[in-house]
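Participant: Chains as they are written, first to last, in numbering that gives the first Met the number 0: chain A, 0 to 298; chain B, 0 to 298.
Just so you know, these hints were derived from the structure itself, not from any lab. Remember, it's a predicted structure, so these values are computed and weren't measured experimentally. Hints are not guaranteed to be accurate.
What the hints assert, rightly or not - Dumping the calculated DSSO-like pairs for lysine-lysine here, alpha-carbon to alpha-carbon at most 30 Å:
1) B/Lys297 x A/Lys297
2) B/Lys201 x A/Lys14
3) B/Lys201 x B/Lys158
4) B/Lys297 x A/Lys281
5) A/Lys195 x B/Lys195
6) B/Lys54 x B/Lys297
7) A/Lys201 x B/Lys158
8) B/Lys201 x A/Lys212
9) A/Lys212 x B/Lys54
10) B/Lys224 x B/Lys195
11) A/Lys195 x B/Lys275
12) B/Lys195 x A/Lys276
13) A/Lys138 x B/Lys275
14) A/Lys201 x B/Lys54
15) B/Lys158 x A/Lys297
16) B/Lys276 x A/Lys297
17) A/Lys297 x B/Lys54
18) A/Lys224 x B/Lys212
19) A/Lys224 x B/Lys54
20) B/Lys201 x B/Lys224
21) B/Lys54 x A/Lys276
Number of protein chains: 2
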Amino acid sequence: MSLLVVGTTALDSIKTPRAENPRLLGGSASHAAVAASYFTTPHLVGAVGDDFPRKYINLYRRHGLDLAGLERLAGQTFHWSGEYELNMNRRRTLDTVLGVIENFSPTLPPAYTRLPYVLLANIAPDLQSHVLDQMRRPKFVVADTMDLWLNIARSALLKLLPRLDCLVLNDTEAAQLVEEENVIAALPRIHRLGPKYVIVKKGEHGSILSGPKGLFIAPAYPLVKVVDPTGAGDSFVGGLMGHLASQTGSPENNLRAAILQGSVIASYCCEGFGLKKTDRLKTADLSRRLRELTRMVKW
Amino acid sequence: MSLLVVGTTALDSIKTPRAENPRLLGGSASHAAVAASYFTTPHLVGAVGDDFPRKYINLYRRHGLDLAGLERLAGQTFHWSGEYELNMNRRRTLDTVLGVIENFSPTLPPAYTRLPYVLLANIAPDLQSHVLDQMRRPKFVVADTMDLWLNIARSALLKLLPRLDCLVLNDTEAAQLVEEENVIAALPRIHRLGPKYVIVKKGEHGSILSGPKGLFIAPAYPLVKVVDPTGAGDSFVGGLMGHLASQTGSPENNLRAAILQGSVIASYCCEGFGLKKTDRLKTADLSRRLRELTRMVKW
Chain A
0 MSLLVVGTTA
10 LDSIKTPRAE
20 NPRLLGGSAS
30 HAAVAASYFT
40 TPHLVGAVGD
50 DFPRKYINLY
60 RRHGLDLAGL
70 ERLAGQTFHW
80 SGEYELNMNR
90 RRTLDTVLGV
100 IENFSPTLPP
110 AYTRLPYVLL
120 ANIAPDLQSH
130 VLDQMRRPKF
140 VVADTMDLWL
150 NIARSALLKL
160 LPRLDCLVLN
170 DTEAAQLVEE
180 ENVIAALPRI
190 HRLGPKYVIV
200 KKGEHGSILS
210 GPKGLFIAPA
220 YPLVKVVDPT
230 GAGDSFVGGL
240 MGHLASQTGS
250 PENNLRAAIL
260 QGSVIASYCC
270 EGFGLKKTDR
280 LKTADLSRRL
290 RELTRMVKW
Chain B
0 MSLLVVGTTA
10 LDSIKTPRAE
20 NPRLLGGSAS
30 HAAVAASYFT
40 TPHLVGAVGD
50 DFPRKYINLY
60 RRHGLDLAGL
70 ERLAGQTFHW
80 SGEYELNMNR
90 RRTLDTVLGV
100 IENFSPTLPP
110 AYTRLPYVLL
120 ANIAPDLQSH
130 VLDQMRRPKF
140 VVADTMDLWL
150 NIARSALLKL
160 LPRLDCLVLN
170 DTEAAQLVEE
180 ENVIAALPRI
190 HRLGPKYVIV
200 KKGEHGSILS
210 GPKGLFIAPA
220 YPLVKVVDPT
230 GAGDSFVGGL
240 MGHLASQTGS
250 PENNLRAAIL
260 QGSVIASYCC
270 EGFGLKKTDR
280 LKTADLSRRL
290 RELTRMVKW
């Protein structure tokens, strides 16, 4: 079975205390779809400008992405520039150029509308809803979001939530969404907004899944060095949905394993700038870290 | 088998945004020994002043603590006052009166020197060493510490480390000890200072054990409400050592389970001021949360 991924397809210029990397391939859909490609065929929905480098299209192709839903529009590709602090835990946005995604309102290729797994990677919630409107009875719908949408598109996000099977967000966003500092106390309030499953990402501290069977506390794969965490959350949810889409049986039963797969691929994402590391993985790399992670939580 | 616990026996005055609690029973040894008492007989080493309330001695007795090593000295009991911020993640010390522990230099009751499990709960590293000097071939020695000793007694702490089986400290202390922000990268450096096992406490994010068999990533029991985290770290290490001391077989094989026991009892500690909650537990409370925690990490 396969997976629809909608989100941003972007160019990222990333500064860290140690390096500067202009115009890397980035965006939530790029990270999520490449991560998912290790498990299933991602069908990409996004928009790039006429400045989008050929080599990045080739990268998508190398990962077997279906690009029928990737529109090339006149104008600039969405461009984000940001800077990380020394410990990589805080970043600040230096500049954002929306470019062609500002007025992007995709009409899905007909074959896409029947895909069973839908990943609404981080992008404006109105656009996430617009894509979901076109889907016919998907099996499992997950959306990721970010603080920006909580600040400027809260009502659009609240309209989307009841239509999701699972919402993914980080701990500070969870707190902000329901105005509750304690993440564990925030979870039932988020469920009341709609999603049956909620996954709270906590970066190096792993993640927490909340659902009808209670909580699942998942570790992050421990890293000795974080080079660039940009896209780690997108890779996490991409790996997660890729794994779900590759499994038989109900998504509910595969969700815990899928989260660990997501953690593993997110760990690789952090070890290189942009998609550098995620681009060049082997299945053996993923299964090795999954085995290691499994050993690290057993007792 | 049983357990020696040395550390502070204190009076704590704790302010939070919601309440003020003067002169609660506190101190690292109080929290650790009461936590350990659910598993084994803790033999306490500490000093209290002539102002130490009778009711707190009764509390120790109720938990079956051996008080032969608890000295009552002329002067004030060690008194700490502190204040927590709204989210309970940061605290600041308002006042510290060392009182009778300033010149405390215990001579252990002879029976204590043969105890197999030794918990050097948080107190000056010179005093931890002085106690350890008197022990004959203990089976497993664990020390807890805090940033204060890293700042004012670093060389004493460095002298203690090679004599430990296991060092317990929190993530910021681990970073400070070896000047490495990344906790995972800090671990091998801490091992090189002596201890075969290192446990890094991360509060609500659980803990990480590092040892010859690699890493163990342990969850914290998720709490909807934290009333007062004072003593949670001491309860954690007390529960851990209490469990170890109650088991047959090598401590190495029981360490992962012991960490989860420590997490569970630390979670209760956080739910009441001082020892309020930890004082009144039933074995069934502990086994229930341990079962829940086990379910929360399975996949």
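Participant: Against each hint, give a clear statement of whether it holds in the structure.
Facilitator: Results for each hint:
| no. | hint | verdict |
| --- | --- | --- |
| 1 | B/Lys297 x A/Lys297 | 8 Å, holds |
| 2 | B/Lys201 x A/Lys14 | 28 Å, holds |
| 3 | B/Lys201 x B/Lys158 | 25 Å, holds |
| 4 | B/Lys297 x A/Lys281 | 26 Å, holds |
| 5 | A/Lys195 x B/Lys195 | 44 Å, violated |
| 6 | B/Lys54 x B/Lys297 | 42 Å, violated |
| 7 | A/Lys201 x B/Lys158 | 36 Å, violated |
| 8 | B/Lys201 x A/Lys212 | 26 Å, holds |
| 9 | A/Lys212 x B/Lys54 | 43 Å, violated |
| 10 | B/Lys224 x B/Lys195 | 35 Å, violated |
| 11 | A/Lys195 x B/Lys275 | 36 Å, violated |
| 12 | B/Lys195 x A/Lys276 | 33 Å, violated |
| 13 | A/Lys138 x B/Lys275 | 49 Å, violated |
| 14 | A/Lys201 x B/Lys54 | 42 Å, violated |
| 15 | B/Lys158 x A/Lys297 | 33 Å, violated |
| 16 | B/Lys276 x A/Lys297 | 29 Å, holds |
| 17 | A/Lys297 x B/Lys54 | 42 Å, violated |
| 18 | A/Lys224 x B/Lys212 | 21 Å, holds |
| 19 | A/Lys224 x B/Lys54 | 51 Å, violated |
| 20 | B/Lys201 x B/Lys224 | 17 Å, holds |
| 21 | B/Lys54 x A/Lys276 | 61 Å, violated |
Hints 5, 6, 7, 9, 10, 11, 12, 13, 14, 15, 17, 19 and 21 from the list above are not met by this structure, while the remaining hints are.
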